[in-house]
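2 protein chains.
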Amino acid sequence: MRQGKKARSTQRREDSLSPDRIVEASIALLDSSGEKGLTFRALSERLATGPGAIYWHIASKNDLLTAACDAIVARTMSAPVDDATPKATIRALALAMFDAIDAHPWVGSALTRAPGQLPMVRVLERIGQPLRALGVPDEEQWATVSALLSYILGVGGQNAANTHFAREQGLDRTNFLNEVSTVWSQLDPDEYPFTRSVARRMSAHDDRVDFLVGIDLMLDGIGVARGR
Amino acid sequence: MRQGKKARSTQRREDSLSPDRIVEASIALLDSSGEKGLTFRALSERLATGPGAIYWHIASKNDLLTAACDAIVARTMSAPVDDATPKATIRALALAMFDAIDAHPWVGSALTRAPGQLPMVRVLERIGQPLRALGVPDEEQWATVSALLSYILGVGGQNAANTHFAREQGLDRTNFLNEVSTVWSQLDPDEYPFTRSVARRMSAHDDRVDFLVGIDLMLDGIGVARGR
DNA sequence: ACCTGAACACCGTTCAAGT
DNA sequence: ACCTGAACACCGTTCAAGT
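Quick mapping for you: the protein sequence lines, in order, are chains A and B. The opening position of the first sequence corresponds to residue 111 in the working numbering, with each subsequent residue numbered one higher. The opening position of the second sequence corresponds to residue 111 in the working numbering, with each subsequent residue numbered one higher.
These are calculated hints, taken from the structure and not from any lab test. Computed from a predicted model, the values in this text were never measured in an experiment. Each statement offered as a hint is correct.
Only pairs whose alpha carbons sit at most 25 Å apart, straight line, appear in this in silico SDA-like list of lysine to any residue:
id, chain 1, residue 1, chain 2, residue 2
1, A, 146, A, 131
2, A, 146, A, 156
3, A, 171, B, 269
4, A, 197, B, 250
5, B, 146, B, 162
6, A, 146, B, 165
7, B, 146, A, 152
8, A, 146, B, 170
9, A, 171, A, 227
10, B, 197, B, 248
11, A, 171, A, 131
12, B, 197, A, 330
13, A, 171, B, 146
14, B, 171, B, 232
15, B, 197, A, 326
16, B, 171, A, 269
17, A, 171, A, 152
18, A, 146, B, 172
19, B, 197, B, 326
20, B, 146, A, 162
21, B, 146, B, 281
22, B, 171, B, 141
23, A, 171, A, 232
24, A, 146, A, 274
25, A, 171, A, 137
26, A, 146, B, 162
27, B, 146, B, 276
28, A, 146, B, 169
29, B, 146, A, 145
30, A, 197, B, 303
31, A, 197, B, 302
Please construct the entire structure, taking both the sequences and the accompanying hints into account.
Spelled out as structure tokens, the structure:
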């Protein structure tokens, strides 16, 4: 039944526009040239169409960014994570988000700019379940996930800013952090003793390890709060 | 000696431009009409000059935003906080930053976008000192402040996003959060049980209290890490 | 030294007109 | 139903020209 002319007229031409194709092209553009690389003109050129065509499928640039972000987050959060303990699961999920934002820095700011929307909800849900399993009482669950999410977003945002800044100056991340470290160690010793003392370790740090330190701090804190 | 023509020629006319005046006008603009309200045209109109004039004093819009951010952060971090214990001091400093970002939402994103620069360093230094007093060993100090900072930035960013979104839709924060809560409680029960269960508490929450929950989680975690 | 304001090279978004 | 592409109302930034 679904063949011949009838099917043909319902089907999209292979190269026609669709929200999915637009989102995929956006991701490619964002990954290759950063947040400011995503323009309707560049996008429509890549899709061999006019800028106006995109508006038939997507309401605004903001929506487009959120949709692109959601595509990445959905992939990341749908990956199976079956670790032994709830804490290990939370760690694994947090790390997965860290890696996703590291690979797609623009996801960090996109997530922040879409509070309460689908991408955030995916993360909230996925982290919330093991949190419940941890035994955090109902009244404390919101504040606890919220804190974990904020931390993940915070680190993600700073990571994105670091890579963005580095790229802007034509350096790689390591060189950029080394430069910051140098500036820090030349600060006034009376005004900035702590920053100076920590400068060298900052440039030598492993982002992923540091990220987990924060997660563990919070997970340990959950234990304390529960009187363990 | 410093009078008459000589002084006059060195002195600025009272209404002449200066980095300080530009930054103050920028803050006013940012507070009243948000991040997208800060344009060189609006700014130069407010300062009764041309757009080009500003570039004599400030290198770029990015620098301007960072300078405005730094003015707020400097004020916030220079306020005296003499609490009994190091933990209480960290709490008070974190809360001061929370309140500053709450009053000036744009500071959140500006801070994130200026990694390793002066505004961040001020916060780093101020929180680092009590952290050292807490007895956190040298090797762990960077990762620990870094985690606290990331959390503060993360919460600040989300707060900024919430107020921005609310403003965009012509709602106040409370109404905006209520709307989000409603959407959440209508999500699919099989796919989003946790989000649904937490929806009501989310809209009823007190941002400041939730913020402190996260800080305390981390401070408690520091205790655990040190074997206390 | 500092300011003016037109001009340049962009944006997101809209919309009449096409197929 | 979907696409085209010119046009609108903006941006940040530059720069010759002024004082």
